[in-house]
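Student: Chains as they are written, first to last, in this note's numbering: chain S, 10 to 249; chain H, 103 to 330.
Hints listed in this document are in silico derivations from the structure and should not be mistaken for laboratory results. These numbers come from a predicted model, not from an experiment. Just so it is clear, CB atoms sit at the ideal spot from N, CA and C, and this is done for glycine as well. It is possible that part of the hints are untrue.
In silico lysine to any residue, SDA-like type, Cα no more than 20 Å apart, as pairs [claimed, not checked]: (1) 267(H) / 184(S); (2) 119(H) / 187(H); (3) 307(H) / 184(S); (4) 307(H) / 247(S).
Chain H is faced by these chain S residues, among others (derived, beta-carbon under 10 Å) [to be verified]: (5) 69; (6) 72; (7) 73; (8) 76; (9) 83; (10) 143; (11) 144; (12) 145; (13) 155; (14) 160; (15) 178; (16) 181; (17) 182.
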Amino acid sequence: MKSDKAIGKFGPGPLLAILATAAVLIALYAVFFIAPVEATMGIVQKIFYFHVGCAINMMVFFSLCGICGLIYLIMGGSRGRVASFVDALGVATAEVGVTLGAVVLVTGPIWARKAWGTWWTWEPRLTLALLVFLLFLAYLALRAFTGSERFGRSVAAGLAVVGLPALYFIHFAVQRWGGAHPQVVYKGGLTVPGMKLAFFLSVLAVMLVSATLALIRTQQELQARLVDDMFLKLDAEEWK
Amino acid sequence: MHELTSILRQFAVIIRKDLTMEFRTRDILYPMALFSLLLVVVFSFAFLSDPTRVRDYGPGIIWVTVLFASTVGQNRLFDRERENGCLWAMLLTPASRGAIFAAKAAGHFMFTLFMEVLTVPLIILFFDLPVPHPATLVASLVLGTMGLSLIGTLFSAMLMNARMKEVLLPLVTFPILMPVIIAGVKVTALAVGAQVAEDASMWLKFLLGFDMIFGVVTLLLFDRMIRS
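Chain H on its own, in the form it takes in the complex:
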């Protein structure tokens, strides 16, 4: 019991550190938000505007924006730790590796969600997208983003010192994240009232399963990888 509270405290401390630094520098949020904004503008020019078909491409626009913007966040996520060798300092403290990983992933999750809070309403506004089931949309974004953050944080940490990290990261994460995109687009399509003959709960459960399995796998792998 005592151990659990101490891990939770370590988790909270690292998160607070990251949020404080982010609040002062806006190193991650600012590029992420600006990039997603630009993507939305690009998308509005990339498609022939046909208001009757907005339900077909709207979910895709939302998820491509989220995926690309979250990649920008992943690239920057461990930059502060890499400069001055701060990650080694963090690993030298008695803090558990699980707490470090969970805190970094939670940080990425929060930044990405913040970006979504700005961007998704904008997409709905720009494309005049009807949202008959807002709760379903929010659920798909939260569960999907959790998956993006877990995979993204693991590989961001693994490739921290790699050459051409910015190029490699999406190459490696996109194939693994394909199920999240498939499920996310499906649930979002249902949320905007597209004609899809499926139920949202199955895909939401699928996303939850993805998050749970990869929550465990990434946690174990982070511990292993950081050791070598």
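One chain only, chain S, in its complex shape:
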């Protein structure tokens, strides 16, 4: 059976995992040893590198999830290989995105406590991160309650697609909501080259880790469905 071969195959997962590990170690080295300690905020400023790295990647993964939903719906919810892959990728990107969002929402207040003297402010970027996080928690809840059959898949894809323009509107509304000051105070002021290097390395490292997780989760989801199909087939044969 050709479906047997797909089970237990690793693909590029392990290689990517090794790359990601190396990238995280290098980024950590750059953050703590190359980038200088920021003058006014001190050591706490080093949260910034992974915090913003996670935030950027969260947005990237949520956008990917929306695009996956769009492709799935354009294909008309067929049971073909591409539709199935795109759907599994949608689950994986949403789950990784929610994980990154949790990191952002935990590290953000720690940073804010030191930088602004308060655990939480309704600063536009924080608010945006919170709302988008909630939107994709709803996506995962939807998937959990509507199942992974055709119905659940297309409903979730629909939510992800509506989420794309909603992201834009939420972004705009949140920027203006705080008052008549749309200009956001930039958090870092990355003028020192060491800081820039550490920042870009962190973004890259988080991206590699997220990609590894998403890839493994996609494979796992596809294999789980294969196993389900095989089980149903066996079950049907037994009843013959």
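Based on these hints, arrange chain H on the given structure of chain S.
Tutor: For chain H alone, coordinates are given in the frame of chain S:
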């Protein structure tokens, strides 16, 4: 041209059907209106009454009431179609899906507006809310409700057969509707004369943009979703 008139006629027929049924059963309006009334009473006990600050929390009370009551309407919106499989019968007719969606959304819009006509004056009365710019208030309610109806109708149709639909629907729609609430509260705050350093027209345009974009997106998605 002929096609357009036929779509408009289908739209009118479905709306008339829904309004007739609603008029005879009051299945949607009655729970919606009663629920919003109860919310207003709850709100009057939930806040320490401070007449000097009514402009600060008044807009919030109006919009939370509208949002919650419209959710009650969304939950019931496709119940009649689900029972006896009437939606499939409707889809089997040559009526265009766009007309079906638009008619259902328009129905929800009308029911919610009707509820607002009852509730919002009551809020103004109970909380002694001054309204120096009534036209702005009406504009924000109409444009905001349109957004609520579009998103609500789409997900109500999508989740029609889902388990725990009543719980899932607000979970899914509230994050998407957050911009509507933000803009609605802002414009309403301006309408009641609160100290907000912004102009109402920007937020009204924002609401109009939301309605237009999601009008197209929900229409296209409804067509796609109902097929699968």
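Student: All the hints need checking, so say for each whether the structure fits it.
Tutor: Now the hints, each set against the structure:
Pair hint residue 267(H) plus residue 184(S) does not hold up; C-alpha atoms about 32 Å apart against a cutoff of 20 Å. Simply put, residue 119(H) and residue 187(H) have alpha-carbon atoms about 16 Å apart, close enough for the 20 Å limit, and the pair holds. A threshold of 20 Å between alpha carbons decides the hint, and for residue 307(H) with residue 184(S) the separation of about 16 Å falls inside it, so the pair holds. For the suggested pair residue 307(H) and residue 247(S), the alpha carbons sit about 63 Å apart, so the restraint of at most 20 Å is broken.
Taking 10 Å as the C-beta cut-off, the interface hint given for residue 69(S) is violated, the closest approach to chain H being about 19 Å. Violation of the interface hint for residue 72(S) is found here, the shortest Cβ-Cβ separation to chain H being roughly 16 Å, above the 10 Å cut-off. Because the closest C-beta pair between residue 73(S) and chain H is about 18 Å apart, greater than 10 Å, the hint is violated. Restraint check, residue 76(S) versus chain H: the minimum CB separation of about 15 Å is more than 10 Å; hint violated.
Evaluation of the residue 83(S) hint against chain H yields a held restraint, the C-beta minimum of about 8 Å falling below 10 Å. Checking residue 143(S) against chain H: minimum C-beta separation of about 5 Å stays under 10 Å; hint holds. The criterion of a C-beta within 10 Å of any C-beta in chain H is met by residue 144(S), whose closest approach is roughly 4 Å, and the hint holds. A cut of 10 Å between beta carbons decides the hint on residue 145(S): the least distance to chain H is about 9 Å, and the hint holds.
At a threshold of 10 Å, the smallest CB-CB gap from residue 155(S) to chain H is about 5 Å, leaving the interface hint in force. The closest approach between the C-beta of residue 160(S) and any C-beta of chain H is roughly 7 Å, which is under the 10 Å cut-off, so the hint is satisfied. The interface hint given for residue 178(S) is met, as the beta carbon of that residue sits about 4 Å from the closest beta carbon of chain H, less than 10 Å. Interface restraint check: residue 181(S) against chain H, minimum CB-CB distance 7 Å, threshold 10 Å, status holds.
Interface restraint check for residue 182(S): the shortest CB-CB distance to chain H comes to about 4 Å, inside 10 Å, so the restraint holds.
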